[in-house]
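J.: Given the coordinates of chain A, work out where chain G with the ligand should sit on it, guided by the hints.
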Amino acid sequence: MIINLNIIRSIISATALCFCLFNSGVTLAQQNFDDVEIKVLHVQGNIYMLVGEGGNITLQAGEQGVLIVDTMFAPLSDKIFAAIRSVSDKPITYIINTHGHGDHIGGNANLAQMGSNIAGGNTIDLFAAGAGNQAKVVAHENVMASILAQENPIPIEGWPTDTYYTSKKDLFFNGEAIMITHQPNAHTDGDSLIFFRRSDVISTGDIFRTTAYPFIDVANGGSLQGVLDGLNYILDLAVPADRQENGTMIIPGHGRLTDEADVLDYRDMLTIIRDRIAYRIDQGDSLSQVKATEPTFDYDDRFGLNSGTFTTEKFIEVIYNELSIRN
Amino acid sequence: MSYLQRSRFRFSLLFILSFAFPVQAQIDLSGEWGAVFHEDSDERRPGPEMVEYQGIPINEAARRRALSWSPSLLTLPEHQCKPHPSDYGSRGPSNMRIWKEIDSESQQLIAYHTRIRWQAPERTIWMDGRGRPPEYAAHTWQGFSTGHWEGNVLVVRTTHLKQGWARRNGIARSDLSEFTEHFIRHGNIMTQVVMVSDPVYLTEPFIRTNNWKINLAQQIPPYLCETVTEIDRPQGEVPHYLPDQNPFLREHADRYNLPLEGVLGGAETMYPSFIE
Ligand SMILES: [Zn+2]
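Residue numbers (the numbering used here), protein chains in the order written: chain A, 11 to 337; chain G, 6 to 281.
In isolation and in its complexed conformation, chain A is listed as follows (with noise of 0.2 Å):
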């Protein structure tokens, strides 16, 4: 069956749609869930990978307990939770926030609650009341500003309990090395990139998508070149096995499962289309002479987007800005 392009559209049309809810602040119990279905895919080594409706969710599971990152949307947290009860009976340990939007943060209180911290027992009271009976979340820094900054946060006991303000965190959880690097104004200014370093598995967040071109959140702090970035480090991080293919494999924030050739005709297509645009602003030219050039055109059947919030029109003007202050 050939794939139907009205029906990618459709799909990518929904994602937007996400977007749309947690950006105009509408509530989610305005969606309807009760079709949606957690689905599990084991990547390698120790690694899954969640889909549902929402950011996808990577899922690190062992004898020390389960580690997820993001949580999707909270009216499927039990739904989630029975994903994970299908692979694992330990107790949700801790859970990664990739950056702070509402379709990868949004079950965050719930999938805690249903955790506990890695102290129990006598040892529970040496932490501040309750600390222990749930996940830790983790996240950086700004991930924490921005839910203080909603009109409408998720509930306090999804906020992050872990937070970081420098380059990097690691953690060592389930026999393997986790490594969190911040991805400054990227996607948002609170992107982590999670690289499981024995299953070879990184989790990019937002940073990377295959269902369209990346959604720059400017009002956030997210920029063209933080996700370039993003891209570039994450293709340091790869190394594909035989074939330019496999070896460390790759899950985006939304979209199938990938390996680096994936990440790598993404940055080059983001790569190009900005030196195009860099080039028009060179030549003088004004955001609709620039738009006029279509300089996305060649790639807009794949990953442009003409409804919700970040058009393939908006993510031409984004740029536009971006490189016009830079020079």
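The set of hints was computed from the structure by calculation and includes no laboratory data.
Don't take every hint at face value.
If you anchor each label on the Cβ, the simulated ranges turn out as follows [unchecked claim]: (1) A:R95 <-> G:I225: 34 to 40 Å; (2) A:P165 <-> G:E155: 55 to 61 Å; (3) G:P239 <-> A:P165: 41 to 47 Å.
Example chain A residues on the side facing chain G (calculated, C-beta under 10 Å, incomplete) [to be verified]: (4) D45; (5) K49; (6) D239; (7) P250; (8) N256; (9) G265; (10) R277; (11) L280; (12) I282; (13) D285; (14) Y289; (15) I291; (16) Y309; (17) D310.
Don't be surprised by glycine CBs; every beta carbon is placed ideally from N, CA and C.
T.: Here is chain G with the ligand on its own, set in the frame of chain A:
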């Protein structure tokens, strides 16, 4: 039982058994196949020239993208060891081994495997009726292939492809592409018909044929690819041509005295009527 009776019994048992099990393969494709280049030789061996897009049903997006493609892209280490995707592999140095994977108990054909010389891609064509991976599974250079017999023709359907190329001069083939193949064996000659659909870059299916001749003496050598940084570029630099700045725009057209619109491709350039 007399000898005659016994052999009759064996014969009828054999007869019954031959009906009891479905006939899996009408014809065997296994063997060492030497590539035959009588068709499209210039494109397949020395390779196409820059801005030589004729004969491919590309759309305007594919054309513009190809015009921005610089061969220097292939100097980037991450691009160096890419094998041809399975819809293109037969076009290159495509000496090929085909072998069967058989279930030892039932003797049913589970899969055909192929290995092609250049970059040594190995491919599996599942013949056991298994389902496709989900849409969120990884895409690969060889994709996910399933086959079935239509008479003596092996028909193969492939999905889950990585982004690839329709021609080696920058004509992109998207990761949403799928393709169907027909493998047709006539004794020692085999023909493959490849029909690629691409909702992103093609306006109609792109159809090519390739041929092989059995070669009992063929040995496919090992193929090891190691990336080498020959040009030290700043991190993140991607070689490409800006719009309207491709220095090779007219090179091929001028060399062969062809009108530019003829070499820029599109479905109409596939048909002889275009020349008139
Ligand atoms: Zn996001």
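J.: Compare the structure with each hint and give your call.
T.: Tested hints:
1. At roughly 47 Å, the beta-carbon separation of R95 (chain A) and I225 (chain G) lies outside the given 34 to 40 Å, and the hint is violated.
2. Between P165 (chain A) and E155 (chain G) the C-beta distance comes to about 59 Å, which sits within the given range of 55 to 61 Å.
3. In this structure the supplied range 41 to 47 Å holds for P239 (chain G) paired with P165 (chain A), their Cβ-Cβ distance being about 46 Å.
4. Because the smallest distance between the Cβ of D45 (chain A) and any Cβ of chain G comes to about 16 Å, over 10 Å, the interface hint for this residue is violated.
5. With a least beta-carbon distance of about 6 Å to chain G, the hint placing K49 (chain A) at the interface is held under the 10 Å criterion.
6. Given the 10 Å rule on beta carbons, the hint for D239 (chain A) holds: about 8 Å separates it from the nearest Cβ of chain G.
7. Restraint check, P250 (chain A) versus chain G: the minimum CB separation of about 8 Å is within 10 Å; hint holds.
8. Annotation: interface hint on N256 (chain A) holds; nearest CB of chain G at approximately 8 Å, less than 10 Å.
9. At a threshold of 10 Å, the smallest CB-CB gap from G265 (chain A) to chain G is about 7 Å, leaving the interface hint in force.
10. Of the supplied interface hints, the one on R277 (chain A) holds, with its beta-carbon coming within about 7 Å of a beta-carbon of chain G, less than 10 Å.
11. The restraint placing L280 (chain A) at the interface with chain G holds, with a minimum CB-CB distance near 9 Å, inside the 10 Å limit.
12. For I282 (chain A), the suggested interface contact is upheld, since its CB lies about 5 Å from the closest CB of chain G, less than 10 Å.
13. Here the hint on D285 (chain A) is kept, as its CB sits about 7 Å from the closest CB of chain G, short of 10 Å.
14. A hinted interface residue such as Y289 (chain A) counts as satisfied when its beta carbon comes closer than 10 Å to some beta carbon of chain G; here the least separation is about 5 Å, so the hint holds.
15. Because the closest C-beta pair between I291 (chain A) and chain G is about 12 Å apart, greater than 10 Å, the hint is violated.
16. Proximity of Y309 (chain A) to chain G holds as hinted, the smallest CB-CB distance being about 7 Å (cut-off 10 Å).
17. Because the smallest distance between the Cβ of D310 (chain A) and any Cβ of chain G comes to about 7 Å, under 10 Å, the interface hint for this residue holds.
In summary, the structure is inconsistent with hints 1, 4, 15 from the numbered list given earlier, while agreeing with the others.
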